[in-house]
Amino acid sequence: MSQGPSQHLPTVGKSVPRADGTPKVIGTARYVDDLPAMPGELHGATVRSPVPRGILKSIRFDPNFDWSDITIVTAEDVPLNTVALIAEDQPVLAARHINHAYEPIVLLACADKRRVLLAKNAVSLDIEALPTVLDVHESLKNTHTVWGTDNIQKRYLITKGRADTEDSVSAIDAVLAECEVRVSGSYSSHHQEQLYIEPQGVVAWWDESGVHATGSLQCPFYVHKAFLKTFGEQPSRIHITQAVTGGGFGGKEEYPSIIALHAALLSKKSGKPVRMIYDRKEDIEATTKRHPAFCEIETGCDKDGKLRAIKMRVLMDGGAYLTLTPVVLSRGALHASGAYEWEHARIEALALATNTPPNGAFRGFGAPQTIWAIERHIDKVAAVLGMDPLELKRKNILKLGSVTATGQVLHTSVAGVECLEKARAVSEYDRRRKAYSEKQGRIARGIGAAVFMHGAGFTGSGERYLKGKAAVDLLPGGRLRIRTASTDIGQGTETVFRQIVSDAAQVPLSDVDFAVPCTTHVPDSGPTVASRTVMVVGSIVEAAAREVGDRVRKEQQASGGTFAEAADRLLAREGEVTSLLQYSPPSYIQWDDQHYRGDAYPCFAWACFIAEVEVDRETFEVTVTNFWSATDVGRAINPTQCRGQIEGGALQAIGWALFEELVWDKGIIKNPRMTNYIVPTALDAPPFHTVLVEEPFSFGPGGGAKGIGELPMDGGAPAVAAAVEHALGIPMDDLPLTPERLFARSASGAQT
Amino acid sequence: MNLTLTINGTVHHVEASPTARLLDVLRGPLGLTGSKEGCGEGECGACTVLLDGDPVNACLVLVGQCEGRSILTVEGLAHGQTLSPLQQAFVGHGGAQCGICTPGMLISAHAYEKSTKSLVTLRESIAGNICRCTGYQRIVDSITQAEHEDRVQTFGTVGS
Numbered sequence: 002m003s004q005g006p007s008q009h010l011p012t013v014g015k016s017v018p019r020a021d022g023t024p025k026v027i028g029t030a031r032y033v034d035d036l037p038a039m040p041g042e043l044h045g046a047t048v049r050s051p052v053p054r055g056i057l058k059s060i061r062f063d064p065n066f067d068w069s070d071i072t073i074v075t076a077e078d079v080p081l082n083t084v085a086l087i088a089e090d091q092p093v094l095a096a097r098h099i100n101h102a103y104e105p106i107v108l109l110a111c112a113d114k115r116r117v118l119l120a121k122n123a124v125s126l127d128i129e130a131l132p133t134v135l136d137v138h139e140s141l142k143n144t145h146t147v148w149g150t151d152n153i154q155k156r157y158l159i160t161k162g163r164a165d166t167e168d169s170v171s172a173i174d175a176v177l178a179e180c181e182v183r184v185s186g187s188y189s190s191h192h193q194e195q196l197y198i199e200p201q202g203v204v205a206w207w208d209e210s211g212v213h214a215t216g217s218l219q220c221p222f223y224v225h226k227a228f229l230k231t232f233g234e235q236p237s238r239i240h241i242t243q244a245v246t247g248g249g250f251g252g253k254e255e256y257p258s259i260i261a262l263h264a265a266l267l268s269k270k271s272g273k274p275v276r277m278i279y280d281r282k283e284d285i286e287a288t289t290k291r292h293p294a295f296c297e298i299e300t301g302c303d304k305d306g307k308l309r310a311i312k313m314r315v316l317m318d319g320g321a322y323l324t325l326t327p328v329v330l331s332r333g334a335l336h337a338s339g340a341y342e343w344e345h346a347r348i349e350a351l352a353l354a355t356n357t358p359p360n361g362a363f364r365g366f367g368a369p370q371t372i373w374a375i376e377r378h379i380d381k382v383a384a385v386l387g388m389d390p391l392e393l394k395r396k397n398i399l400k401l402g403s404v405t406a407t408g409q410v411l412h413t414s415v416a417g418v419e420c421l422e423k424a425r426a427v428s429e430y431d432r433r434r435k436a437y438s439e440k441q442g443r444i445a446r447g448i449g450a451a452v453f454m455h456g457a458g459f460t461g462s463g464e465r466y467l468k469g470k471a472a473v474d475l476l477p478g479g480r481l482r483i484r485t486a487s488t489d490i491g492q493g494t495e496t497v498f499r500q501i502v503s504d505a506a507q508v509p510l511s512d513v514d515f516a517v518p519c520t521t522h523v524p525d526s527g528p529t530v531a532s533r534t535v536m537v538v539g540s541i542v543e544a545a546a547r548e549v550g551d552r553v554r555k556e557q558q559a560s561g562g563t564f565a566e567a568a569d570r571l572l573a574r575e576g577e578v579t580s581l582l583q584y585s586p587p588s589y590i591q592w593d594d595q596h597y598r599g600d601a602y603p604c605f606a607w608a609c610f611i612a613e614v615e616v617d618r619e620t621f622e623v624t625v626t627n628f629w630s631a632t633d634v635g636r637a638i639n640p641t642q643c644r645g646q647i648e649g650g651a652l653q654a655i656g657w658a659l660f661e662e663l664v665w666d667k668g669i670i671k672n673p674r675m676t677n678y679i680v681p682t683a684l685d686a687p688p689f690h691t692v693l694v695e696e697p698f699s700f701g702p703g704g705g706a707k708g709i710g711e712l713p714m715d716g717g718a719p720a721v722a723a724a725v726e727h728a729l730g731i732p733m734d735d736l737p738l739t740p741e742r743l744f745a746r747s748a749s750g751a752q753t
Numbered sequence: 061m062n063l064t065l066t067i068n069g070t071v072h073h074v075e076a077s078p079t080a081r082l083l084d085v086l087r088g089p090l091g092l093t094g095s096k097e098g099c100g101e102g103e104c105g106a107c108t109v110l111l112d113g114d115p116v117n118a119c120l121v122l123v124g125q126c127e128g129r130s131i132l133t134v135e136g137l138a139h140g141q142t143l144s145p146l147q148q149a150f151v152g153h154g155g156a157q158c159g160i161c162t163p164g165m166l167i168s169a170h171a172y173e174k175s176t177k178s179l180v181t182l183r184e185s186i187a188g189n190i191c192r193c194t195g196y197q198r199i200v201d202s203i204t205q206a207e208h209e210d211r212v213q214t215f216g217t218v219g220s
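Chains as they are written, first to last, in this note's numbering: chain V, 2 to 753; chain X, 61 to 220.
These aren't lab readings, by the way, just hints derived from the structure by calculation.
Note that beta-carbon positions come from the ideal geometry of N, C-alpha and C, so glycine has one too.
Treat the hints with care, since some could be wrong.
[Unchecked claim] Straight-line Cα separation of at most 20 Å, DMTMM-like style, residue types lysine to aspartate or glutamate; simulated pairs:
(1) V:LYS282 / X:GLU101
(2) V:LYS470 / V:ASP525
(3) V:LYS282 / X:ASP84
[Stated by the list, open to error] Computed footprint of chain V on chain X; a stretch qualifies when at least three of its residues, placed anywhere within it, have a C-beta under 8 Å from a C-beta of chain V:
(4) 85–95
(5) 103–109
(6) 113–126
(7) 132–138
(8) 185–191
(9) 196–207
[Stated by the list, open to error] Short, incomplete list of chain V residues facing chain X, as computed with Cβ under 10 Å:
(10) VAL26
(11) LEU135
(12) GLY493
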């Protein structure tokens, strides 16, 4: 029963149970592959290039195979052969030029799942191989041009202080030359597979109302946009629906457009619904991954550790097509100088094309790569100075009133120091650091820390251009329904949005519904990315709920009755009671896109992660024995889910640091299986000791929530590496830290 | 061929090739889509079911091996409309996020609860179930919480 405002018990700040929890624990939640087969449904499959670069001469279909029940789609069948995203460089199906291994060339569909796999084997491709470019250093030389005119997919330059001049290189070099202590280093990071446990999948069909696709995806309107471009259909004839989604982490941001286009092409040609579900091997091989990055850093500081100047160059491997690389690179560049204040900075970031599958969105979105580099570098500076690294970080951390590398003055919600001190205290960092610095036996212990921040929401003017929308509807009986394109992919959107609405409208949590994100029925809230769902879309939902709640209460005050009765009267009179609102970013945000200067983000979330490890000095196995963190989330709307985000993100970062490694051989992935691409199990995961810090952001919902989806991915790897370095006394500048690599480094370190 | 399987306490007769994977028979003709396929090679554990009480990967078991045997899937964990303490704890304590690993994870946790615990630790018992969302801490906490609830229910007091 709906209650009036006086009886409402706040739900924000409480760990209410997951709204979508029950169907998930009883097995009735319908993920895409659980959806019942549609009448006449076919299974789709993809024939892909076995080589990383070449010219497709011909496609041969084995004349001895019975093709009578097989639907075949090639580039010729694609109405407009481009995947709509930032650029239009990526074809839906390769027609002539092949730019990476696993590039899709032929689509097949058949009612019999086994026959479609046999059909795949009956297709052979005649490809004339071309020379390949497989890493950023080769790509930069431009010996072979594989993208545009110079292989450079995007370049940014950020300058500050004396480097903010025409000849920024000479200027920053001059500043560095004046510094008392100069330290330089290079730091590399590698591919990472998102490895959501549910592989990519979609079901697509055509009917009199147009084209439909239901699938495992983060951003229904991305798929909508891709269909609009490729099929040229009217927007109202494209219906994209999210099925319950088994994890995304960015991997289901842009890629679902491709698999959905493929299924819809097969469906269009066959006239039947088509189900396309990747198996794990195909998913690992063909879909996007985290961009590898190579960072060179030179810094100058005073003898007492006061940081002065930074010169940094970031090279990111974009892969064969642009996808979201410019945005990933941007976020990487904007986080490259870390959580520290520099008087003078020159940060140059380049994304380069290679003949590898396109890299794309993955939680952190470029920031984990540059934060890896800067955190490792600051630890190196501390070693040169003979200072404790955490003390050096404490001395230079950005505070209220500090100015970032883009010239952003931090005037609200800054909690770096608080996070650092809390994590330091709860982990007993100082005591352990000292104790583990003593001479050790076969099992060496170490402890290390990373301090970092992550901008929430789209960069700069992004939210202003995006104009994200969300709606709250009044339903009979005083219930409310949230309509948004922000999807729950496990992170808890449905639960947290319900809490926000419940408090804003002052209705019980059980009276709030969450509409299935379908482009036909929900407004475009912008994509489910960039740590923006709670902070940005949540604040729209909050305002809309407040508006609807107020209208009902006004009616209640005017004519009496309960909230539910007033709601019914209002609905009877007006037919529809809805608040559809559009996001307006805080007015103080000023951003110069041309010079990459100004307020990069409305605010940052902050954290300090501290890892403790044991390293077996004979086998070089690393065990993370404890993991402490203090994370500023602004306001924890659901503390349990907040902790789940932080710990899950931290473990992905630990996996990236210690276990996960894609092994490449001439552009081909040698370990595209869960048997040999190793992610952490419960036994590999440390006990997490998670402290939530709440430094509210006044524009955030629920009393100041900030985005924290990506932040936890940023600090895990450098914290673990710092701990391993502490234990072994060997520099850890390159990921991953697998036993084989640690052994090699130890052996070469012993020789020098 | 016609096979007889006891699934979640009910006897089923199912027409299937004995070489079909148990997972496909569960998800297909039996309509039990709670068990998921994450890798198809016994690595992710999303398809974990109990076969005569022992956890197995349903993607690696041929249905012919299950003739006359008992299988427990996630659909068999609730007591009618009431969630088991383990299921309740996963909903309330962050054990489930995206939920795709949850059915297999719950089955392994259930097997752990029924096992002679001195032989295997909680983390060992769920080491065959990969979760990419939680970092496992909330899962471990949920299982521990359920054990606690179980004790309260069984003994009517908060045990130590």
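Hint-by-hint comparison with the structure:
Taking the CA atoms of V:LYS282 and X:GLU101, the gap is near 11 Å; set against the 20 Å cutoff, the hint holds. As the CA atoms of V:LYS470 and V:ASP525 are separated by approximately 6 Å, the hinted pair is consistent with the 20 Å bound. Restraint check for V:LYS282 and X:ASP84: the C-alpha separation of about 19 Å stays at or below 20 Å, so the hint holds. Counting residues of the stretch 85–95 of chain X whose beta carbon lies closer than 8 Å to any beta carbon of chain V gives 5, which meets the minimum of three for the stated coverage.
For a cut-off of 8 Å, the count of residues in the stretch 103–109 of chain X with a CB near a CB of chain V stands at 3, and the three-residue condition holds. With 0 residues bearing a CB less than 8 Å from a CB of chain V, the stretch 113–126 of chain X misses the requirement of three and the coverage assertion fails. Counting residues of the stretch 132–138 of chain X whose beta carbon lies closer than 8 Å to any beta carbon of chain V gives 5, which reaches the threshold of three, so the coverage claim holds. Proximity of the stretch 185–191 of chain X to chain V, defined as three or more residues with a beta carbon under 8 Å from a beta carbon of that chain, is established by the 6 residues found.
With 5 residues carrying a beta carbon less than 8 Å from a beta carbon of chain V, the stretch 196–207 of chain X meets the three-residue requirement, and the given coverage holds. Taking 10 Å as the C-beta cut-off, the interface hint given for V:VAL26 holds, the closest approach to chain X being about 4 Å. The beta carbon of V:LEU135 is not positioned within 10 Å of any beta carbon in chain X (closest approach about 27 Å), and the interface hint is therefore violated. Look at V:GLY493: its Cβ gets to within about 7 Å of chain X, closer than 10 Å, so that hint holds up.
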